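As a plain string of letters, each chain reads:
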Amino acid sequence: MNSNSSKPDDFSGSKPKNTALKLVLAAVAMFGFGFALVPLYDVFCELTGINGKTAGPVERVEQWVDTSRTITVQFITTNNAGMPWEFEALQEEIEMHPGAWTQVEFWALNPTANDMVGQAVPSVSPSEAAEYVQKTECFCFDQQTLKAGEGRKMPLIFSLDPELPAHVKKVTMSYTLFDAGAFAK
Amino acid sequence: MTTATASHDDHGHHGPAKGIMRWVLTTNHKDIGSMYLWFSFAMLLTGGVMALIVRAELFQPGMQLIRPEFYNQMTTMHGLIMVFGAIMPAFVGLANWMVPLMIGAPDMALPRMNNWSFWILPFAFGMLLFTLFTEAGAPNFGWTFYAPLSTTYAPSSVTYFIFGVHMMGISSIMGAINIIVTILNLRAPGMTLMKMPLFVWTWFITAYLLVAVMPVLAGVVTMMLMDIHYGTAFFDAAGGGDPVLFQHVFWFFGHPEVYIMILPAFGIVSQIIPTFARKPLFGYASMVYATSSIAFLSFIVWAHHMFTVGLPLQTELFFMYATMLIAIPTGVKVFNWVSTMFRGSMTFETPMLFAIAFVVLFTIGGFSGLMLSIAPADFQYHDTYFVVAHFHYVLVPGALFGIIAGVYYWLPKWTGHYYNENLGKFHFWMSFIGVNITFFPMHFIGLAGMPRRIPDYALQFADFNAIATVGAFIFGFSQLIFLFLLIKTIRGGEKATDRVWEGAEGLEWTIPSPAPYHTFAEPPHVK
Amino acid sequence: MYFRTWQRLSSVVLGLVFAPAAMADWGLNMPVGITEVSQSIFELHMLIFWICVWIGVVVFGVMFYSIFKHRKSKGAVASKFHESLGLELLWTAIPTVILIAMAVPATSVLIQMYDTTNSDVDIKITGHQWKWQYDYLGEDVGFFSNLTTTTDEIYNRTEKGENYLEEVDNHVVVPTGKKIRFLITSNDVIHAWWLPEIAVKKDAIPGYINESWALIPEGEEGLYRGKCAELCGVQHGFMPIVLEAVTADEYQAWLDDQRAGKVAEAAAALGDFSYDELMVEGAEVYARSCAGCHGTEGQGMGTIFPALAGSPIALNDMAGHIDIVINGKPGTAMQSFTAQLSDVQIAAVITFERNAWGNDTGETVTPQMIIDAKK
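Residue numbers (this note's numbering), protein chains in the order written: chain A, 1 to 185; chain B, 1 to 527; chain C, 1 to 375.
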């Protein structure tokens, strides 16, 4: 199978080179596609509301307040392993109407002798409620730096979209605090 | 090794090289097939010893023999070695030996790549096994290596593990490409796709699965590597990642992987039953379509391994329905095998015994699989011994019995000698009894509440654990009968005919036994 | 023991023939459980099981008949038939119908299991390596729950207790007749909280919150035992769960007790403690909260968990010793223990560690020193 003749099934020069070129281009395209997936996933998650995460900061828009129902919103905090900060919600539970803008506060304190960077990661329960949580300001948007011994209050300003399904009467917003030193920006 | 010698129409070859370099440099599909098979047997015994250590510790409640940290290494390595070192290479070995013979080709399409595909493996597994002797110890996070246990909390051997997986993955991908190219290009004239033996079909489909999903495995272990060493956060919520992402990517590989481990066995059994029933395979076209359906469905069911992770309701329902659907083509195959036997004229030599046991016991594994697919019930089964029972039934009396059946079936062709039938039957009965005593009780302890991957258990699980351990030792030591029989047969025995078995059909039975070193230098014509 | 084993073996054979509820007693089957959901799941499980049994009987029946009748040794002559479109369609259609029949009840049970709305009690469950933490939302009650089976029992130095590996210091107490919502997360790796009798199993994932629910009917008060169901490291098999279901009134009383206990604990920290009292308490705390990683003799484990016996931090650096127990050590598996241990317990365990196993520093760490260190 190594003829140089011009029989119909001979594999002279250009065919293998063509194939190789095409394959290299395909590999490069796939690599680029991998990078393109980052914005593509953002679009996909936003469209479908999958993954129980809350979206980034939104414009504060005055919207219709649904006074016909009251939603109980709970706030819970968890420290991930190796994160010794004091971290708690100053209000454990509030009642609010969908559509109303509300502010609550959290307290964080770094008791160690070193400056530290923390990142709070939000999670909403029930997960179907996540796409209806609208935040204009949240300490979870950015990493928070606290010097040794420093403590401060951190605000969360949010609203629940009035489109929130009728059967959801209680929403739990959970924040897990991680030591983000390894990912400090 | 084969006792294959050069035949005279060799176009001036002087036969196989002598000494160790024959094996290092060979591009001959028979030699490479044999190497894969011996390698996989060595890995089977290694993984088997690890299983016996696990079962010995579980013989009684309490920690008697080993500490929990070593136990986790044993369960992890047992899984990795068996999946990637025993079952997969064994099927590749059988493919290497038999696919060219079955399609009338002189060798695989890419013989040098074939050599490399094999030789990567001893190095990959040598590296993995070597981690057992380091201070940090071998991987201990389960063969499914979920993050962050396998990233942030992993021992330093995780890097060797990742490297080993990459190497083994490259071997599989190259092997699969070889199979696809060989089957598409080197079939003898007249052998259309729908005339190929079913073993060739199932390996053809398996090869596509391998090419599709092994890169995904490579992707997930590379993401792990990045998280561990290069400060990324794919699976770390602290940096914006998600541990559940790991599970999605892993199981997108993992589910087709388990079909990669069974489809070739379906093919082997579909060769053996018609031979010993002296009747053509019932529903050939159906079998091809059913295998293809199973392969396609295998891509859309991965999250049934993740029912308790917190998936949204619609997602959970979708995966439940898709998983249940797989029962249909699988059932069709079982009915077709039974219909092949029905009104046949059966004899029960060892390959047939293993093939029949496969059909019965794999089906039992399939039933527990159907139960697992019911998502609400799975909340009680997930991560218990019920799952361990399920997958051991489909892998041991499933895949492994399929491989053993194939070896017995083709051994006379490879060696030129019939094996000792009484010894073969003895091996079968000990294995059959051992495998059931080991794994059937696991259904009960799983339902009663015993989780997986624990080195010690509450007292109510003691009796069945003791029974399972006894079974494991019976099954494990029975494989030494097989080893003895293989060596004995290679060295001598009653001379085998070309056809070997009365009811055998196919191109592989038209060449002498033992198969000459080079075969089908001229393609045969298939009607 | 052997008679019981044979008894169980024969019961396996008989159990395959007899009624499912009886099988549950012989430890052969899933528990029926105490809630409506667990019963629905049990019924679903048995339905699928019996369908599989009957399909198996039919298919294997035909097969074994064939093995018996269609053998060459009996003179059987092979037929030639090898395909039938009608048969293929039939045995594709019938299983499809059976599967749809299974999918309908399965769907409705799953929908029920996903409905966590309108709960009366919310409990946050955090998985740690290797214990559970419970916080009752809105009640100011929270505690850790550790395995209390001793290492002596595990390593066969003493006889095993009746609830070997299934007993903990603090039960998770819940009221009957009320809907309880579980919010599950993890502090480190993935764990899973599983209680078979209420059919609740959910993965505990670091950074994310999962939810599940249960409603234990009145009349089902009692103790129910569960396990961690996701490999989470060395002690994965040693972090069980004990749920104590009590009446609604008893539950309220228990909540009050817990709150009072916390107040008393804080007050006690201001009192006087002798060296001996601290050593006794410290030994207990050590066995329960530290020995899992640092070893029963303070010997440590491999390269990951350092030895405390003869270690510089236990012999010299008292301030560092106190700091590391209170704040943990970032980047390692050493947690902050403030949430799990009271000031008295921390003082006691540090005192113990500085004097046990030949460390003999003679030093006493008081609860007041812990309070001061936290300021």
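It should be emphasised that the hints constitute simulated quantities derived from the structure, not laboratory data.
Keep in mind the model is a prediction, meaning the values are calculated, not measured.
We put the beta carbon where it would ideally sit given N, CA and C, even for glycine.
Be a bit skeptical, because a hint or two may be false.
The following label-pair restraints were derived from C-beta to C-beta distances [said to hold, decoys possible]:
| # | chain 1 | residue 1 | chain 2 | residue 2 | range |
| --- | --- | --- | --- | --- | --- |
| 1 | B | 521 | A | 31 | 50 to 56 Å |
| 2 | C | 163 | A | 44 | 30 to 36 Å |
| 3 | A | 90 | C | 362 | 39 to 45 Å |
| 4 | C | 81 | B | 521 | 56 to 62 Å |
| 5 | B | 315 | A | 17 | 45 to 51 Å |
With a cut-off of at most 30 Å between alpha-carbon atoms, the simulated DSBU-like pairs for lysine-lysine come out as follows [to be verified]:
| # | chain 1 | residue 1 | chain 2 | residue 2 |
| --- | --- | --- | --- | --- |
| 6 | C | 374 | B | 425 |
| 7 | B | 425 | C | 375 |
| 8 | B | 495 | C | 374 |
| 9 | B | 425 | C | 329 |
| 10 | C | 178 | B | 527 |
| 11 | A | 169 | C | 179 |
| 12 | C | 80 | A | 170 |
| 13 | C | 74 | C | 178 |
| 14 | A | 153 | C | 69 |
| 15 | C | 179 | C | 80 |
| 16 | A | 153 | C | 262 |
| 17 | C | 178 | A | 169 |
| 18 | C | 178 | A | 147 |
| 19 | C | 374 | C | 329 |
| 20 | A | 135 | A | 147 |
| 21 | A | 170 | C | 374 |
| 22 | C | 80 | C | 262 |
| 23 | C | 178 | B | 195 |
Of the hints stated earlier, which fail here?
Hints 1, 2, 4, 6, 7, 8, 9, 10, 12, 13, 14, 15, 18, 21, 22 and 23 are the ones this structure does not satisfy, whereas the remaining hints hold.
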